[in-house]
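The listed protein sequences correspond, in order, to chains S and L.
Residues in the first sequence are numbered from 1 upward in steps of one, following the numbering used here.
Residues in the second sequence are numbered from 1001 upward in steps of one, following the numbering used here.
Treat the hints as calculated values from the structure; they're not laboratory data.
Wrong hints could be hidden among the right ones.
To be clear about the criterion: a stretch of chain L counts as covered by chain S if any three or more of its residues have a C-beta under 8 angstroms from a C-beta of chain S, and this derived list gives those stretches [said to hold, decoys possible]: (1) 1065-1073; (2) 1104-1114; (3) 1312-1322.
To list a few chain L residues with every Cβ distance to chain S over 12 angstroms, as calculated [said to hold, decoys possible]: (4) W1126; (5) D1338; (6) T1373; (7) V1393; (8) V1397.
Distance ranges between label pairs, derived from CB positions [stated by the list, open to error]: (9) L:N1382 to S:D39: 53 to 59 angstroms; (10) L:A1109 to S:S91: 54 to 60 angstroms; (11) S:R127 to L:D1338: 40 to 46 angstroms; (12) S:G24 to L:Y1345: 50 to 56 angstroms.
Computed from a predicted structure; not experimentally measured.
Built from N, CA and C at the ideal position, the CB exists for glycine as well.
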Amino acid sequence: MTTGRVVHAALHLLDRQLRDRHGGLCGKVDDLELERADDGTWYVTAVLTGPGHLLYRTGRRTAGTWLGKLITHIESSSLDDPGRIPYTHVSEIGITVDLAVDADDVATFAGERWARDHVIGHIPGSRHDADQ
Amino acid sequence: MKRFLGVFLGILTAIGGFVDMGDLVANAATGARFQMTLAWVVPVGVVGIVVYAEMSGRVAAICGRPVFDLVRERLGPRFGMANLIASFSINVLTLTAELAGVAIALSLAASINYLLLVPFVTVLVWLVVWRLPFSTMERIFGLLGLCLLVFVVAVWQFGPDWGTLWSAAADPHVPSGETPFTYAYFGIALFGAAMTPYEVFFFSSGAVEDGWTVRDLNENRANVFIGFPLGGLLSLAIMACAHLVLAPHDIGVDQLSQVALPVAVVVGKLGLAIVLVGIFAATFGAALETALSAGYTVAQYLGWPWGKHRRPRQASRFHVIILLTLLAGTVIACSGIDPVKVTEYSIVLSAAALPLTYFPILVIANDPTYIGTGHVNGRFLNTIATIYLVILVAVSVATIPLMIITKAGS
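Given the sequences, and given the hints that come with them, work out the whole structure.
Next comes the structure, spelled out in structure tokens:
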């Protein structure tokens, strides 16, 4: 915990848009990891993102856990778990939640990379701006 | 000139919403069957879409957040997902009908079986999505769609007794031979067509694509106040044409070709050519609107990079979703299913999902942390918007039972 800022987790964090350190869109806050201090206060320790966490939160717990593990397994990321972004890596909470990591390190980007390398990248014109 | 070209996002959105494949037929069918007794629904729908599209455009311009982003944030993952599934299915169904509609419009000119043209139309739609800049796209199809104004010309040339036409429109009643249920069912179809959710998905995402900022709020207003009333006017003109020309001869409307018939009768060959261009542009525009909306809704729900303003490589999943949606639409359209029936069902189903889309817009348009205290809704706007929300809930509850009671209006 770097700061002790009080936020209403459900209102200010959950389901917000995540942006990486370059301002790129990189998923949503799908769930939160909380820890209880000795005095009984709950602290947010990590932002959880990716389809696994989304499924888990909407009640499909077995499928969610399984999918989360699969993503961690296939993902190459500088984070230990690309679906779990420690709260110390959160740089700002506004109408979006801004992270101090690259989009490439976040769980939801595995799908983006796959679609880029296996589908879209093969179609002529995929590198160009629309007006070029 | 730039100001003039700036309103085509609103015009394309409205044409794609009000006079797409299903609505062209629904408007004409309503005019032929109910005369002008349901005309009052159109202005009611226009006011509703103007109010909510203005809010969605304002939010998008100020904080860069399109509608489905807000849906997820305000409704949470479960209701957001329910809305996503409903909206996505409606998008696929509508896209199916539009692809068939474009193909039918082409086949009327070229005398080839329209089913053979569907794959060709799909490729054209995809090429526009893949390559054409957003603003060029909205100008081309918005401008060509204005050809539908020939329906207004046709009403004018027919030279009806305006007093009788007005008193017919100003006197809503259930015509003899119809039940209150069929009357309500067709009313909901007209209202649902005016307020189809993909209009706000497309309009607010288009505002982001066009790079609107807080300085473009006047442009937002101009788009909304010109585009949607224009859509409503076209809708009424098509209805009036069918009422004046077809109803006296007991001709019902259940095909696209019959929609163009009154114009051919009144204005002649040139009119027919213009109306075919207009129908082509409107259905093609609606195909673009629904294909892109399919990508917008999924990407915005899951927080992916999206949009035509990015290179396709930088929004890969967004483009994959559009490709898959187009593929699904093409397969369904090629199965030979009646495209008019498809849109009738999709309009009515979308009416059932309306509140889930419009409620979050109203909430955010009142939240100063998103758009600043200077830009939140005033009391007058909130009063109208709340009244419409009540109407939307009532409509969404009544839709499915009415569909069952009337056997989908038959």
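Outside-interface status for T1373 (chain L) - nearest CB in chain S farther than 12 angstroms = holds (15 angstroms)
ask   = How does the Cβ-Cβ distance of A1109 (chain L) and S91 (chain S) compare with 54 to 60 angstroms: does it lie in that range?
value = holds (57 angstroms)
query = Does the Cβ pair G24 (chain S), Y1345 (chain L) satisfy 50 to 56 angstroms?
reply = violated (39 angstroms)
inquiry  = So is the segment 1312-1322 of chain L in contact with chain S by the C-beta rule, three or more residues under 8 angstroms, or is the coverage claim wrong?
reply    = holds (count 6)
message = For V1393 (chain L), is the shortest CB-to-CB distance to chain S above 12 angstroms, so the non-interface label stands?
response = holds (23 angstroms)
query = Does the Cβ distance between N1382 (chain L) and D39 (chain S) fall inside 53 to 59 angstroms?
reply = violated (42 angstroms)
ask   = V1397 (chain L) clear of chain S by more than 12 angstroms, beta carbon to beta carbon?
value = holds (25 angstroms)
request  = Could you see if the CB distance from R127 (chain S) to D1338 (chain L) stays within 40 to 46 angstroms?
outcome  = holds (41 angstroms)
key: Coverage assertion for the segment 1065-1073 of chain L with respect to chain S, Cβ distance below 8 angstroms, three residues required   = holds (count 4)
task = Test the statement that D1338 (chain L) is away from the interface with chain S: the closest C-beta pair must be farther apart than 12 angstroms.
result = holds (33 angstroms)
ask   = Are at least 3 residues of the segment 1104-1114 of chain L within less than 8 angstroms of chain S when you compare beta carbons?
value = n = 0 at 8 angstroms, threshold three: violated.
Separation of W1126 (chain L) from chain S, once the least beta-carbon distance is taken, above 12 angstroms = violated (10 angstroms)
The structure fails hints 2, 4, 9 and 12 (numbered hints given earlier, in ascending order).
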